[in-house]
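Sequence lines, in order, name chains S and Z.
The numbering used here puts the first residue of the first sequence at 1, with every later residue one more than the last.
The numbering used here puts the first residue of the second sequence at 1, with every later residue one more than the last.
Everything labelled a hint here was simulated from the structure, so no lab data went into it.
A few of these clues could be false.
Unchecked claim - Simulated pairs of lysine to any residue, SDA-like, Cα-Cα distance not exceeding 25 angstroms:
(1) LYS9/Z x ASP130/S
(2) LYS60/S x VAL7/Z
(3) LYS8/Z x ASP130/S
(4) LYS53/Z x VAL181/S
(5) LYS53/Z x VAL179/S
(6) LYS148/S x GLN19/Z
(7) LYS9/Z x PRO129/S
(8) LYS53/Z x PRO185/S
(9) LYS8/Z x ARG150/S
(10) LYS148/S x VAL51/Z
(11) LYS53/Z x LYS60/S
(12) LYS9/Z x ALA43/Z
(13) LYS53/Z x GLU29/Z
(14) LYS53/Z x ARG68/Z
(15) LYS9/Z x LEU182/S
(16) LYS9/Z x ILE172/S
(17) LYS60/S x PRO25/Z
(18) LYS9/Z x HIS58/S
(19) LYS148/S x GLU47/Z
(20) LYS53/Z x TRP31/S
(21) LYS53/Z x GLU175/S
(22) LYS9/Z x VAL179/S
(23) LYS9/Z x ASP117/S
(24) LYS60/S x GLN19/Z
(25) LYS9/Z x ARG20/S
(26) LYS8/Z x TRP31/S
(27) LYS148/S x GLN56/Z
(28) LYS8/Z x ALA187/S
(29) LYS8/Z x ARG147/S
(30) LYS8/Z x VAL173/S
(31) LYS9/Z x TRP31/S
(32) LYS148/S x ASP52/Z
(33) LYS60/S x ASP11/Z
(34) LYS148/S x PRO50/Z
(35) LYS53/Z x ASP130/S
(36) LYS148/S x ARG46/Z
(37) LYS148/S x LEU41/Z
As the structure is a computational prediction, the values presented were derived from the model and not from experiment.
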Amino acid sequence: MSRDLLYSDQVEELVFCAYRDIAEPDGSATWLYTDEQLAAVPQRARQWALGVGNPVPHAKLQAGERVLDLGCGAGIDVLLAARDVGPEGRVTGLDGLPEMVERARDVAAEAGADTVDIVEGRIDDIPFPDDMFDVVISNGAINLAARKSRVLAEGARVLKPGGRLCVADLTIVEEDLPVEVLTHPSAWAG
Amino acid sequence: MTERVFVKKLDRVGFDDIQILERLPFTLERTAEYPLFTRDLIALMRELIPVDKQHQIATSLIVTAVNRR
């Protein structure tokens, strides 16, 4: 009998398929960023911005801090965070989709961001040791995970004691949405 | 996920000082601009969600918290 009570494999496949099916996005999330931020990142980072907020200014990053971006996508927030932590800091982007990892690496290389690492891995099984980061950020990724508590627990695990979390994510009021919408497969990917 | 559940999960896994810094409404029109939502889902939402509710079908939160350890 399957022990995957959350159907997490199916959810993950739905989400990955939705992202793989995107051909050429047109910067759906650029409205969330300032002109100054957008001017500071390569065009492909703007084009592939698919987040739901602008978390980096709220993270109040300090020079020299070590930052992890959960579900970094093409890396717009990774690059913005790298500006804030400066040359003594380091920002790691983590994403589970190989195509997105490759895209983020290309974008980081184009930006000349040498304090950035892009790593392929699961956000609910973060491939880093305990107490590694000063700050964990995320933008529109946690709501895509089947095991949301597990993602948050993993974020706490890799944060240093007293480390900060700064997340932008979508929430809903379930009573406001018809059941046909709530149960639509595509609803999970957004 | 609802805001209440999100905050509860953060508390349960070990975060303190949980603050909601921003609540940004997502309209149906704005949501339709995201390629992750299929056309049939957007069409379904246009059909089933009353027009007076389409101005906020979801809310984007900015949440900060501090690791309790």
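Structure-based check of all given hints:
no.	hint	verdict
1	LYS9/Z x ASP130/S	holds, 20 angstroms
2	LYS60/S x VAL7/Z	holds, 20 angstroms
3	LYS8/Z x ASP130/S	holds, 23 angstroms
4	LYS53/Z x VAL181/S	holds, 14 angstroms
5	LYS53/Z x VAL179/S	holds, 15 angstroms
6	LYS148/S x GLN19/Z	holds, 18 angstroms
7	LYS9/Z x PRO129/S	holds, 22 angstroms
8	LYS53/Z x PRO185/S	holds, 22 angstroms
9	LYS8/Z x ARG150/S	holds, 13 angstroms
10	LYS148/S x VAL51/Z	violated, 31 angstroms
11	LYS53/Z x LYS60/S	violated, 34 angstroms
12	LYS9/Z x ALA43/Z	violated, 32 angstroms
13	LYS53/Z x GLU29/Z	holds, 12 angstroms
14	LYS53/Z x ARG68/Z	violated, 38 angstroms
15	LYS9/Z x LEU182/S	holds, 20 angstroms
16	LYS9/Z x ILE172/S	holds, 15 angstroms
17	LYS60/S x PRO25/Z	holds, 23 angstroms
18	LYS9/Z x HIS58/S	holds, 21 angstroms
19	LYS148/S x GLU47/Z	violated, 30 angstroms
20	LYS53/Z x TRP31/S	holds, 22 angstroms
21	LYS53/Z x GLU175/S	holds, 11 angstroms
22	LYS9/Z x VAL179/S	holds, 23 angstroms
23	LYS9/Z x ASP117/S	violated, 28 angstroms
24	LYS60/S x GLN19/Z	holds, 14 angstroms
25	LYS9/Z x ARG20/S	violated, 29 angstroms
26	LYS8/Z x TRP31/S	violated, 30 angstroms
27	LYS148/S x GLN56/Z	holds, 23 angstroms
28	LYS8/Z x ALA187/S	holds, 22 angstroms
29	LYS8/Z x ARG147/S	holds, 14 angstroms
30	LYS8/Z x VAL173/S	holds, 15 angstroms
31	LYS9/Z x TRP31/S	violated, 29 angstroms
32	LYS148/S x ASP52/Z	violated, 31 angstroms
33	LYS60/S x ASP11/Z	holds, 21 angstroms
34	LYS148/S x PRO50/Z	violated, 30 angstroms
35	LYS53/Z x ASP130/S	violated, 44 angstroms
36	LYS148/S x ARG46/Z	violated, 28 angstroms
37	LYS148/S x LEU41/Z	holds, 23 angstroms
In this structure, the earlier hints numbered 10, 11, 12, 14, 19, 23, 25, 26, 31, 32, 34, 35, 36 are contradicted, and the remaining ones agree with it.
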